[in-house]
Amino acid sequence: MRIVFLSFLLVNILFAHKLNLFLFEENNEIRISSYFASGTPCKNCKVDIFNEKKELLSSVKTDKNGEYIIKNVEPKLFIKVEAVGGHAVEKKFELKNIKSKQDIEDIKPENSFLQSIFAILLIAIIFLVLKRIKK
Amino acid sequence: MKTFLLHILFSIYASAHFLAFIPTTDNIKDDSPKINFDMMFMHPFEQTGMTMEKPIGLFLDKKELPLTSVNKYNHKAWSSSYTFKKPGVYQFYVKPTLYFEPSEEKYISHVPKVIISAFGREDGWDEPVGLKYEIIPLVKPFGVYKGNLFQGKVLHNGKPASNVEVEVELYNTFGLKTPSDAHITQVVKTDDNGIFSFVMNHKGWWGFAALIEEGEEEYKGKKYPIENGALLWIKAY
Numbered sequence: 001m002r003i004v005f006l007s008f009l010l011v012n013i014l015f016a017h018k019l020n021l022f023l024f025e026e027n028n029e030i031r032i033s034s035y036f037a038s039g040t041p042c043k044n045c046k047v048d049i050f051n052e053k054k055e056l057l058s059s060v061k062t063d064k065n066g067e068y069i070i071k072n073v074e075p076k077l078f079i080k081v082e083a084v085g086g087h088a089v090e091k092k093f094e095l096k097n098i099k100s101k102q103d104i105e106d107i108k109p110e111n112s113f114l115q116s117i118f119a120i121l122l123i124a125i126i127f128l129v130l131k132r133i134k135k
Numbered sequence: 001m002k003t004f005l006l007h008i009l010f011s012i013y014a015s016a017h018f019l020a021f022i023p024t025t026d027n028i029k030d031d032s033p034k035i036n037f038d039m040m041f042m043h044p045f046e047q048t049g050m051t052m053e054k055p056i057g058l059f060l061d062k063k064e065l066p067l068t069s070v071n072k073y074n075h076k077a078w079s080s081s082y083t084f085k086k087p088g089v090y091q092f093y094v095k096p097t098l099y100f101e102p103s104e105e106k107y108i109s110h111v112p113k114v115i116i117s118a119f120g121r122e123d124g125w126d127e128p129v130g131l132k133y134e135i136i137p138l139v140k141p142f143g144v145y146k147g148n149l150f151q152g153k154v155l156h157n158g159k160p161a162s163n164v165e166v167e168v169e170l171y172n173t174f175g176l177k178t179p180s181d182a183h184i185t186q187v188v189k190t191d192d193n194g195i196f197s198f199v200m201n202h203k204g205w206w207g208f209a210a211l212i213e214e215g216e217e218e219y220k221g222k223k224y225p226i227e228n229g230a231l232l233w234i235k236a237y
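Sequence order for the protein chains is A and B. In terms of my numbering, the first sequence is residues 1 to 135. In terms of my numbering, the second sequence is residues 1 to 237.
Hints should not be assumed to be uniformly reliable.
[Claimed, not checked] Taking CB as the label site, the calculated pair distances span:
hint	chain 1	residue 1	chain 2	residue 2	range
1	B	Gly-158	A	Leu-121	52 to 60 Å
2	A	Arg-31	B	Pro-160	39 to 47 Å
3	A	Gly-39	B	Pro-160	20 to 28 Å
4	B	Ile-226	A	Ala-88	29 to 37 Å
5	A	Arg-31	B	Lys-223	52 to 60 Å
Rather than coming from a laboratory, the hints here were simulated on the basis of the structure. C-beta atoms are modelled at their ideal positions from N, C-alpha and C, and glycine is treated no differently.
Based on the provided sequences and hints, a complete structural model is requested.
Right, dumping it as structure tokens:
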């Protein structure tokens, strides 16, 4: 009887706690947020990341907020989150504003060039101000 | 003639004015995170419109959303939209400008609210927004089937309001007919704890308007009472 009651309770818990997966992109990264309908985060839940061909790329775990950030992403991924007790949710995600490695490398020198010019200008201004004070 | 006039008068009272606040959905999914709202002053069952002056605002928490003037049911109405970016339960409400109803000799101020679940989150739908007159659902509002019992609690200044009339109407886009005018607006009352119950017997959007007469406003040198409405729109599937 106890086993029947416990099984019934477990089944009820399983149905009442639907696992959700919310994915969004930010700064060329995919941010994973996994949570139950009540808003409780899916802590330390297994995250499997697959490529477009459904080949497993990596298997990681969510943090205490039910979150995980995927860096060095591929444009199309399948993400599966699994909680203890058998709840699982899977979604396909396509990065819309992905920047290729070449794009990122192209941006970097431009940024560092601008930063260098700004630094030289700043030094020159400080030098001029000091010169005036000295006079 | 007297009978005819009485019939006209009865018809006016039979259909209640509602501030209809109808979103395109009450459940936001990944593939369509944008929602549109229609705000119309109307008789929802009869599907007849009235002119709605620009409301004070449409709010999400205390953030005001932009409004666009539109024509609905041959009258001025308002529309807006919102794109959801994060999971959560969102409560939207409209603060209207006071409307003077000459036939009833009173001002009307109905504040409608809709509760929307985004991306699977279902918590917090029973939390008050903090309006002076407000209906708090006692049933999860974005997952109701036709035939379900719906219960709500009417709050006045945050406290349960007993013995309050709650008018209920279906936003009748189905062309339903009633056996009499008395069937257009259903009326239930709150108990000592401010709770009312109603079974929505048809799919579609249902408006619940808890009406509390409080305060006065002057019109052409004479003072008239204000009918304050705490409105909640619920969709039955």
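So, going through the hints one by one against the coordinates:
no. : hint                                 : verdict
1   : B:Gly-158 with A:Leu-121: 52 to 60 Å : holds (58 Å)
2   : A:Arg-31 with B:Pro-160: 39 to 47 Å  : holds (42 Å)
3   : A:Gly-39 with B:Pro-160: 20 to 28 Å  : holds (26 Å)
4   : B:Ile-226 with A:Ala-88: 29 to 37 Å  : violated (54 Å)
5   : A:Arg-31 with B:Lys-223: 52 to 60 Å  : holds (57 Å)
The structure fails hint 4 only (numbered hints given earlier).
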